[in-house]
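Number of protein chains: 2
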Amino acid sequence: MTVELISVGTELLLGNIINTNANYLAVQCAGLGFSLYHQITVGDNEIRLYEAIKVALQRADIIILTGGLGPTTDDISKETLAKVLDRELIMDDHSKDRIMSYFHNAASSDKEMSEELYKITDNNWKQALKINGSTVVDNDNGTAPGYIVEDDNKIFILLPGPPSELIPMFEKSILPYLKKLQDKVFVTKMVKICGIGEAKAETMIIDLINNQSNPTIAPYAKNGEVHFRITASANNTDEANSLITPILKELEVRFADNIYSENEDETLEDVVVKLLKDKKLTLCTAESCTGGLLGGRIINVAGASDVYMEGYITYSNKAKIKNLNVNPNTLNTYGAVSQETAKEMAIGAANVSGASVAVAVTGIAGPGGGSKEKPVGLVYIACSLMGHINVIECNFKGNRKRVRERSVVAALDLIRRSILTYK
Amino acid sequence: MTVELISVGTELLLGNIINTNANYLAVQCAGLGFSLYHQITVGDNEIRLYEAIKVALQRADIIILTGGLGPTTDDISKETLAKVLDRELIMDDHSKDRIMSYFHNAASSDKEMSEELYKITDNNWKQALKINGSTVVDNDNGTAPGYIVEDDNKIFILLPGPPSELIPMFEKSILPYLKKLQDKVFVTKMVKICGIGEAKAETMIIDLINNQSNPTIAPYAKNGEVHFRITASANNTDEANSLITPILKELEVRFADNIYSENEDETLEDVVVKLLKDKKLTLCTAESCTGGLLGGRIINVAGASDVYMEGYITYSNKAKIKNLNVNPNTLNTYGAVSQETAKEMAIGAANVSGASVAVAVTGIAGPGGGSKEKPVGLVYIACSLMGHINVIECNFKGNRKRVRERSVVAALDLIRRSILTYK
Numbered sequence: 164m165t166v167e168l169i170s171v172g173t174e175l176l177l178g179n180i181i182n183t184n185a186n187y188l189a190v191q192c193a194g195l196g197f198s199l200y201h202q203i204t205v206g207d208n209e210i211r212l213y214e215a216i217k218v219a220l221q222r223a224d225i226i227i228l229t230g231g232l233g234p235t236t237d238d239i240s241k242e243t244l245a246k247v248l249d250r251e252l253i254m255d256d257h258s259k260d261r262i263m264s265y266f267h268n269a270a271s272s273d274k275e276m277s278e279e280l281y282k283i284t285d286n287n288w289k290q291a292l293k294i295n296g297s298t299v300v301d302n303d304n305g306t307a308p309g310y311i312v313e314d315d316n317k318i319f320i321l322l323p324g325p326p327s328e329l330i331p332m333f334e335k336s337i338l339p340y341l342k343k344l345q346d347k348v349f350v351t352k353m354v355k356i357c358g359i360g361e362a363k364a365e366t367m368i369i370d371l372i373n374n375q376s377n378p379t380i381a382p383y384a385k386n387g388e389v390h391f392r393i394t395a396s397a398n399n400t401d402e403a404n405s406l407i408t409p410i411l412k413e414l415e416v417r418f419a420d421n422i423y424s425e426n427e428d429e430t431l432e433d434v435v436v437k438l439l440k441d442k443k444l445t446l447c448t449a450e451s452c453t454g455g456l457l458g459g460r461i462i463n464v465a466g467a468s469d470v471y472m473e474g475y476i477t478y479s480n481k482a483k484i485k486n487l488n489v490n491p492n493t494l495n496t497y498g499a500v501s502q503e504t505a506k507e508m509a510i511g512a513a514n515v516s517g518a519s520v521a522v523a524v525t526g527i528a529g530p531g532g533g534s535k536e537k538p539v540g541l542v543y544i545a546c547s548l549m550g551h552i553n554v555i556e557c558n559f560k561g562n563r564k565r566v567r568e569r570s571v572v573a574a575l576d577l578i579r580r581s582i583l584t585y586k
Numbered sequence: 164m165t166v167e168l169i170s171v172g173t174e175l176l177l178g179n180i181i182n183t184n185a186n187y188l189a190v191q192c193a194g195l196g197f198s199l200y201h202q203i204t205v206g207d208n209e210i211r212l213y214e215a216i217k218v219a220l221q222r223a224d225i226i227i228l229t230g231g232l233g234p235t236t237d238d239i240s241k242e243t244l245a246k247v248l249d250r251e252l253i254m255d256d257h258s259k260d261r262i263m264s265y266f267h268n269a270a271s272s273d274k275e276m277s278e279e280l281y282k283i284t285d286n287n288w289k290q291a292l293k294i295n296g297s298t299v300v301d302n303d304n305g306t307a308p309g310y311i312v313e314d315d316n317k318i319f320i321l322l323p324g325p326p327s328e329l330i331p332m333f334e335k336s337i338l339p340y341l342k343k344l345q346d347k348v349f350v351t352k353m354v355k356i357c358g359i360g361e362a363k364a365e366t367m368i369i370d371l372i373n374n375q376s377n378p379t380i381a382p383y384a385k386n387g388e389v390h391f392r393i394t395a396s397a398n399n400t401d402e403a404n405s406l407i408t409p410i411l412k413e414l415e416v417r418f419a420d421n422i423y424s425e426n427e428d429e430t431l432e433d434v435v436v437k438l439l440k441d442k443k444l445t446l447c448t449a450e451s452c453t454g455g456l457l458g459g460r461i462i463n464v465a466g467a468s469d470v471y472m473e474g475y476i477t478y479s480n481k482a483k484i485k486n487l488n489v490n491p492n493t494l495n496t497y498g499a500v501s502q503e504t505a506k507e508m509a510i511g512a513a514n515v516s517g518a519s520v521a522v523a524v525t526g527i528a529g530p531g532g533g534s535k536e537k538p539v540g541l542v543y544i545a546c547s548l549m550g551h552i553n554v555i556e557c558n559f560k561g562n563r564k565r566v567r568e569r570s571v572v573a574a575l576d577l578i579r580r581s582i583l584t585y586k
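Listed in order, the protein sequences are those of chains A and B.
Take 164 as the starting number for the first sequence in my numbering and just add one per residue.
Take 164 as the starting number for the second sequence in my numbering and just add one per residue.
Keep in mind the hints are simulated off the structure, nothing from the lab.
Owing to the predicted nature of the structure, the values given are computational and were not obtained by experimental measurement.
Virtual Cβ for every residue (Gly too), placed ideally from N, Cα, C.
Just to be clear, a hint being listed does not mean it is correct.
DEER-style ranges, computed between Cβ atoms [what the hints assert, rightly or not]:
hint: 1; chain 1: B; residue 1: Asp469; chain 2: A; residue 2: Asn386; range: 22 to 32 Å
hint: 2; chain 1: A; residue 1: Asp469; chain 2: B; residue 2: Lys537; range: 13 to 23 Å
hint: 3; chain 1: A; residue 1: Asn398; chain 2: B; residue 2: Ile555; range: 54 to 64 Å
hint: 4; chain 1: A; residue 1: Leu252; chain 2: B; residue 2: Pro409; range: 40 to 50 Å
hint: 5; chain 1: A; residue 1: Lys342; chain 2: B; residue 2: Asp469; range: 55 to 65 Å
hint: 6; chain 1: B; residue 1: Gln502; chain 2: A; residue 2: Asn426; range: 36 to 46 Å
hint: 7; chain 1: A; residue 1: Asn399; chain 2: B; residue 2: Lys535; range: 41 to 51 Å
hint: 8; chain 1: A; residue 1: Glu174; chain 2: B; residue 2: Pro491; range: 45 to 55 Å
hint: 9; chain 1: A; residue 1: Lys443; chain 2: B; residue 2: Lys342; range: 52 to 62 Å
hint: 10; chain 1: A; residue 1: Gly466; chain 2: B; residue 2: Gly466; range: 30 to 40 Å
Straight-line Cα separation of at most 27 Å, DSSO-like style, residue types lysine-lysine; simulated pairs [claimed, not checked]:
hint: 11; chain 1: A; residue 1: Lys535; chain 2: A; residue 2: Lys564
hint: 12; chain 1: B; residue 1: Lys289; chain 2: A; residue 2: Lys385
hint: 13; chain 1: B; residue 1: Lys440; chain 2: A; residue 2: Lys485
hint: 14; chain 1: B; residue 1: Lys259; chain 2: A; residue 2: Lys535
hint: 15; chain 1: B; residue 1: Lys335; chain 2: A; residue 2: Lys385
hint: 16; chain 1: A; residue 1: Lys363; chain 2: B; residue 2: Lys259
hint: 17; chain 1: B; residue 1: Lys485; chain 2: A; residue 2: Lys481
hint: 18; chain 1: A; residue 1: Lys537; chain 2: A; residue 2: Lys485
hint: 19; chain 1: A; residue 1: Lys440; chain 2: B; residue 2: Lys564
hint: 20; chain 1: A; residue 1: Lys481; chain 2: B; residue 2: Lys442
Incomplete in silico selection of chain A near chain B, CB under 7 Å [as the list claims (entries may be wrong)]:
hint: 21; residue: Leu176
hint: 22; residue: Gly178
hint: 23; residue: Ile476
Just need the whole structure built from these sequences, with the hints factored in.
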């Protein structure tokens, strides 16, 4: 089945808010095995919305409209759809009761707000109108109900714009309704890779991508990582899994230890923290150009405190000498951005912290500070694991933010590889 | 002039990523005084993209396409537009040279990685093709160039999908180009506020917002900050400025020292680093729950090394005692998340670093670790300025990521306010 999503709201066209609903509903449709080919955003404008609905009717089975269900005259989604379908708007007593009790509760719960705010305006009753023949979907988090309208083999779903209202409504009432429409089962697996660029990773499996039908393989690049999503549809879960397994095995052979996870919800830092825990290792970070971003990412992992002992942000040479015992001669001879300094930072961090793993990052993030010999983007990362040291040199392209983000990913990956290869 | 935005990418339709580009470009169009009436998202599908471009041609003067410029066979934006315009794709030697040097740098940077990884694949040369007669726009942060194509009174702008490539390219090359198309002068001013929530900030100037016409006032909430963009259109800059000035003055009166900047490009960390420099102060950070994110944000500022001496990531109690000399009794009696511990962390950081300003953050970011007395979101921040100490208690709502981000903003704001009130 084909879905088309129409987001309604001038605030989206002005850029006042990010359309996270489109993303949320896209994920839901993919999970349901529906094909979403078009996402449309229009403002609170009747002519353009009318036209968008008309076009969607020609190419989709299910049309989801978000936003434009509020109480103001700007809100026209329901009214416009009623015109397209040539149906009347009629008063829904159930919605009327709910709006009344919503205002009653709001007024009694918030003594500080003026009662004035909770007076029900005439506009509010507009929200109790429904398209004749539609099903009203209760909104537990606001006054605008949602609607399901079935019309001549087409289905319209109208949802309120605020994500705090849309998401609970979708999960409680719309998802069960849509699931009944889908007879196939969809299973997806993720293969997450780091240490290989997007183009290279795709080239490595281009034969699989070109021959895909079921399962499908979708790549996407993410900040120094590449993720492949494999999706199979079948009559039941076992059948879907048996379609996925051979592809998964093939990717494992081709990407080998560049794969850091096959778990949708697992991040690179999750894997690093898990490896440290499994091997009963502890970690210390020493950061120059990344200035704490690496530590910040490790602490993304709830429970990182079990393995992460401490971190040093040593942006200045003085701090490198004082806190990590880097030899001033090393800094003078090779410079702060050098293999030698990175190595001494890691050794120093291991010594002062007593951690079994210490990782150090030093580089030129730009925009200034680069030279011909040491250009912006040059970063050295050293990892000491029980005295065994790996140092890598990286040359990242891009602005300060990107160089620093890539450095963090490379440092996490170096910890991961160091642990994996350590016997 | 009317703009239509076409976002291209199956990853958007599958919900793998959020379309933040649409939001960014919407803000840019609004700032330029262009009317954006339709945002369209289609997948990497030639037929649907072709159709979307054809439709956009009928209703917009400027059509911006994002994504689909990558090296893989999936990437078809340039190819499809060439078909719509009935133009050839030709090799662009300048782009070819840039791609070659990009890979050359990557290959020479990483000795440990197999050279295999950096071989230029045939796919990559696809990115050196341009639509005949188009202007190539250099990409300083990736291999995919952008393009400007003028055709029969219509303008097409093709931009790479990753925001880290799109945004710098837009600001450097596309914005100046678009500005020349606009005969009215648009002047925008920003008022950036921290320390007040979005709803409260809006309520404080709701009379101005309700009466706006020219200039307009648009609020944007951003991670613990609220930005108001004031935009005036006029025949010349002086006229526009004279429309903006009274509104600006009024906002300054109402928000007073909650305004940290009126400069579009200036971030909160920029302001903090500038204040430190101006007052000849130095900084040390001591972070528990934020785990380096605060240091990471300060080092966002190129040249922060002049004032940022060092940082300590002390997530564990042991590290707080060892590196910051926090009294173990304080931790036992009041807990790691307490006013007392925050204070001792700041004092300790000031002592061990010798910095004139030391800021410390300790809190419960969640999802675990909360209790009735100390719920998730409780964060203490202490700032020591030449021995003078401010401690604040914050209660943030939301998930781990949000609590940590809000803590960083609150810590930066506390440094700012401490310096401003210090005589």
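Consistency of the hints with the structure:
1. Taken as a hint, the range 22 to 32 Å holds for the pair Asp469(B) and Asn386(A), whose Cβ atoms sit roughly 29 Å apart.
2. Judged by the Cβ atoms, the range 13 to 23 Å given for Asp469(A) and Lys537(B) holds: they are separated by roughly 20 Å.
3. For Asn398(A) and Ile555(B), the Cβ-Cβ distance of about 59 Å falls inside the hinted range of 54 to 64 Å, so the restraint holds.
4. For the hinted restraint 40 to 50 Å between Leu252(A) and Pro409(B), the CB-CB distance of approximately 44 Å keeps it satisfied.
5. The hint said 55 to 65 Å for the Cβ distance between Lys342(A) and Asp469(B), and at roughly 59 Å that hint holds.
6. Checked against the given bound of 36 to 46 Å, the beta carbons of Gln502(B) and Asn426(A), roughly 39 Å apart, stay inside it.
7. Look at Asn399(A) against Lys535(B): about 46 Å separates their beta carbons, and that is inside 41 to 51 Å.
8. Against the hinted window of 45 to 55 Å, the Cβ-Cβ separation of Glu174(A) and Pro491(B) comes to about 52 Å, which satisfies the hint.
9. At about 60 Å, the CB distance of Lys443(A) to Lys342(B) agrees with the hint of 52 to 62 Å.
10. One distance hint, 30 to 40 Å for the beta-carbon pair Gly466(A) and Gly466(B), holds here, with the actual separation near 36 Å.
11. Pair hint Lys535(A) plus Lys564(A) holds up; C-alpha atoms about 21 Å apart against a cutoff of 27 Å.
12. With a C-alpha separation of about 21 Å, the suggested pairing of Lys289(B) with Lys385(A) holds against the 27 Å cut-off.
13. Between Lys440(B) and Lys485(A) the alpha-carbon distance is near 23 Å, which keeps this suggested pair within the 27 Å criterion.
14. A hinted pair counts as satisfied when its Cα atoms are at most 27 Å apart, and Lys259(B) with Lys535(A) qualifies at roughly 22 Å.
15. Under the criterion of a C-alpha separation no larger than 27 Å, the hint pairing Lys335(B) with Lys385(A) is consistent with the structure, at around 23 Å.
16. With a C-alpha separation of about 18 Å, the suggested pair Lys363(A) and Lys259(B) falls inside the 27 Å cut-off, and the hint holds.
17. Of the supplied pair hints, the one linking Lys485(B) and Lys481(A) holds, its CA atoms being roughly 20 Å apart against a limit of 27 Å.
18. This hinted pair checks out: Lys537(A) and Lys485(A) have alpha carbons roughly 25 Å apart, not beyond 27 Å.
19. Among the hinted pairs, Lys440(A) with Lys564(B) is consistent with the structure: their alpha-carbon atoms are about 22 Å apart, no more than 27 Å.
20. Our distance criterion of 27 Å between C-alpha atoms is met by Lys481(A) and Lys442(B), whose separation comes to about 21 Å.
21. Nearest Cβ of chain B to the Cβ of Leu176(A): about 5 Å, under the 7 Å cut. The hint holds.
22. Given hint, Gly178(A) at the interface with chain B, holds; its Cβ is 3 Å from that chain's nearest Cβ, closer than 7 Å.
23. Proximity of Ile476(A) to chain B holds as hinted, the smallest CB-CB distance being about 3 Å (cut-off 7 Å).
Comparing the model with each numbered hint stated earlier shows that all of them hold.
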